[in-house]
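With chain A fixed as given, assemble chain B onto it according to the hints.
Protein sequences, first through last, are from chains A and B. The opening position of the first sequence corresponds to residue 1 in our numbering, with each subsequent residue numbered one higher. The opening position of the second sequence corresponds to residue 1 in our numbering, with each subsequent residue numbered one higher.
It is worth saying that the hints were derived from the structure and are not from the lab. Careful: at least some of the hints might be erroneous.
Covered, in the sense of this in silico footprint (three residues per stretch, anywhere, with C-beta under 8 Å from a C-beta of chain A), are these stretches of chain B [what the hints assert, rightly or not]:
| no. | region |
| --- | --- |
| 1 | 49 to 62 |
| 2 | 208 to 220 |
| 3 | 247 to 258 |
| 4 | 688 to 698 |
Cβ atoms here follow ideal geometry from the backbone N, Cα and C, with glycine treated the same way.
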Amino acid sequence: MATKKKYGFVIDIARCIDCRACLVACSVENSVPMTDTRIWVYTPEIQGEFPDLTRTFIPYNCMHCENPPCVDVCVSRATYKDQENGLVLVDQEACIGCGYCVEACPYDARYLDKERGVVDKCNGCIQRVEVGLQPACVATCLGGSRMFGDLNDPDSEVSQALKNASTVMRLDFEDGKVDTDPNIYYINYAGATDPLVLPDKTLPRPPEYTLSQAGWKKVAVPLMAAAVGGAFLVQAVYFTKQLVQGESEFEE
Amino acid sequence: MKQNVISRRDFIRLGGLGVGAAAASRMFPPRLARAAYGGKVPLTDDGYIHTLCEMCVWRCGVRAKVVDDRVVKLDGNPDHPHSRGKLCARGQSGLMHAYDPDRVLSPMIRAGKRGEGLFRQVSWEEALDFTAQKMLDIKSRYGPEAMVFSSTHSLSQVQFENLLNGFGSPNYGTQRSLCFNAMVTAFLLTYGVEEPSRNYDDVQYVLLTGRNMMEAISTSETSQLVEAISRGAKLVSLDPRFTKTAAKSTEWIPIRPGTDAAFLLGMIHVIVTNQIGDCDFVKQYVVGCEDLPAAMEEYTPQWAEGITGVPAATIERIAREFAAAGKHALAHPGWRTSNFINSFQTERAIATLDAVTGAVVRQGGCLAAESPEASGITLGKPPQPPYPRISAMRLDGVPWKYPLVPLKLGVFQEMRDAILSGEPYQAHGWFISRQNPVLSLPDRQRTLEAFGKMDFIVTVDAIINDTAWFSDVILPESTYLERFDPLSVVEGKIFLRQPVIEPQGESRSALMIYKELGNRLGLADYFQYEDEVDYIEQQLAPLGLDFESLRYKGYLVPAVEKPETEEIVFNTPTGKIEIYSATLEKAGFSPWPHWEEPPLPKPDTFYLLTGKVGQHTQMGTQNNQLLHKYEDQPRLWMSPAAATARGLVDGDWVEAASEIGKVQVQVLVTKAIRDDCVYLTPGYGHLSKGLTTAFANGVSDSVLHVTYTDPISGGQALSQTFVTVKKA
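Just chain A, same shape as in the assembly (with noise of 0.2 Å):
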């Protein structure tokens, strides 16, 4: 029985230059509005005193998670986790764009396309990898930093990468009922054990949602109150070599 895809990305920050080609392809590819984007590398303060600095670039876009929030809060369906690839996806025919889900991803990884009146996201490239390319960013990457591929299939590059990495990690967001179980496997970075801190934020952050126009507060979304206010925990989960073979979270 042929296993169903998991595409998923592995980034290894060793790699990251913070060139940002990835960011213009994706913006080329995708057609993103001017003011906004769908991939970004975070930049967190440069740690340590003068001359012994270290400074760390975090490629990031939307985490395609196993437990994608944004469906969850989605009225009208649009959004999606799609069966089999495992991305998750927008159906912008179905898209009213009410924009719970931008509020209610921990990532902060979609926007509200206003022109379009739809929310808009990272879909993999999905255009492109159908047709056997890789996905704009990671196509363009000059670090080799950004990976794409299929997590079920060990053979792949991002599989290849996890085993041999020396570090992997992920900003997982849990607080008991919700755990996000991302697709975004950080490799190679030394330094994470905290919330990804940057100048104006930490993410992951809890979940919000704005019921500000009254219509909407009728519809029942079951996860929107558990998820209020909810404590968010960041994993940060170190294998070795051995450890990531064992584990049957890679292997699913």
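Same frame as chain A, but now just chain B:
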């Protein structure tokens, strides 16, 4: 009497509400092609056209995706050695250059005062007739040397040079003295090549002297360096700033600006006095081998510590590590090396380091002193007569004032100053092609004054950069995605730049602009090609290659027999590596790499550092909306200690002043810079209101830069300007 009546409608005031907005609605796709999930745009090989990038001079191979006659995506060509399937941010943004709403769509002739932005749209006939008539007027009144020509290097440079040489002017301005004169001159004198090529396959130890590879990006080389680091190669960076390269380095040494040469001489001292280099190689291939230890005797690590501020033990350790890596160690030659008047000595020291460890030429070594022309491929070219004899002196002082500067490099800043002084003669006209001296030359005020001395200025460019803004005629060139250029040979392959979309407006290729102008100047014999394709076919003819098959993949690999040579001969007077250079000695300079102390900042002033960012190319891309989207706001970097001492906090507006100018800019307080330095990203602060995105964004360091020229290489010393900073 014939009266030339021009109605108001014929005028275009740039920078007003008119042209940018109108152009935007007409030609700029606010949303590029849709490519959402659902497979609306099936990607197949059929939809790609192969061409060459021109967002910088590295010239990567590009696969351009075209849908409905629009270019919608650019990918790196895996078959091109410079892209290897990748493009940097600038390369990725290239289609936004073609679709820039500020593109010049037709030739224009100035209708108001210079710098007022009032232009008249004219036909090509009128623009070229007018330009040719002005140039011929100047030639007949003052001689051909009164026309100066300047251009930043491109694939059509050979025809630009035909224009200036055929016209009979010796005055050739390039960007080179603002960029790599020190590197090229030093390596020509030492190895006999302009720029040795680097090999990262087996590199174990890389020393970067101010070479900010992660931000001053050359796609393949940057990728190869990251690859080498990931393999475990050690990377040592000398830089007063904690750049992104420094962040990726095994060791960052925040050396005092201008003292790199002292650090390197200290390393050479350790290697040669302890005989830990590749002695066999040195004995066989190096001139001055016996006397080198004596010549380096004074440059002890302790001496270097006093100059550089780097502990002697560190210098000694790095020297020993470097030597231990032998031919697997690479001291990178650098690229823009126009930093201090001693930058030539820094480059000579780098060349020496690579020689004493045998990195040069040694099988598997990291540097090849082989010239790129050694590929064995000889392209054809259209026939042309010899150039007229030119007897006039060059305004830039080459060679009468700068005897060792190669003619093709020149000393651009000196040419500007000669235009101002009128010595040794007065220039009257300036032909500028895709170059922006108003922003690139030091001392913008003086450059604008030099413009004021000109009877006539014509600029060829795709957008109205600052130089076009102050010109009398603007000739719109098509962008690299819209035109053919002469062929490019890289590593045994012949690559083609070809149009992937129709030219916007009436823009034309440089090949045809030069030809049409040449015909009007009586220089038709230097432009013997019908059109661009004819030019390329004449290039291919001797190789028996077919143009159409070249178009398909964008490149061909000709069968050439490359002569195998056992013997290594360097293209220097002695045929060896000239660490000791008799040529330098004859010209009155030190024959050995040696230490020259650059000027020190006065108390309470900072070194003003410059250096690239990964999202822009020099002064030319700041109007690109996609790059603007992802650029950092250009601010003045300052250390926390220096800021505190001046009562400044991050984001404060400050006034930075040098002896020649001042700017107001927001300060970025960062640990990433020495206390005695500030840094300003170059290329910002455009004056042209014809650039909707770039106009008035940030400030230009050319306002502050004082003109200092290295007497050996002719390089401008861009980091030798000192500034005071106070709250604005």
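Evaluation of the provided hints:
For a cut-off of 8 Å, the count of residues in the region 49 to 62 of chain B with a CB near a CB of chain A stands at 0, and the three-residue condition is violated. Under the rule that three or more residues need a Cβ within less than 8 Å of chain A, the assignment of the region 208 to 220 of chain B holds, with 4 such residues. With 5 residues having a beta carbon nearer than 8 Å to a beta carbon of chain A, the region 247 to 258 of chain B meets the requirement of three or more and the stated coverage holds. Chain A is given as covering the region 688 to 698 of chain B, and this is violated because 0 residues of the stretch bring a CB closer than 8 Å to a CB of that chain, at least three being needed.
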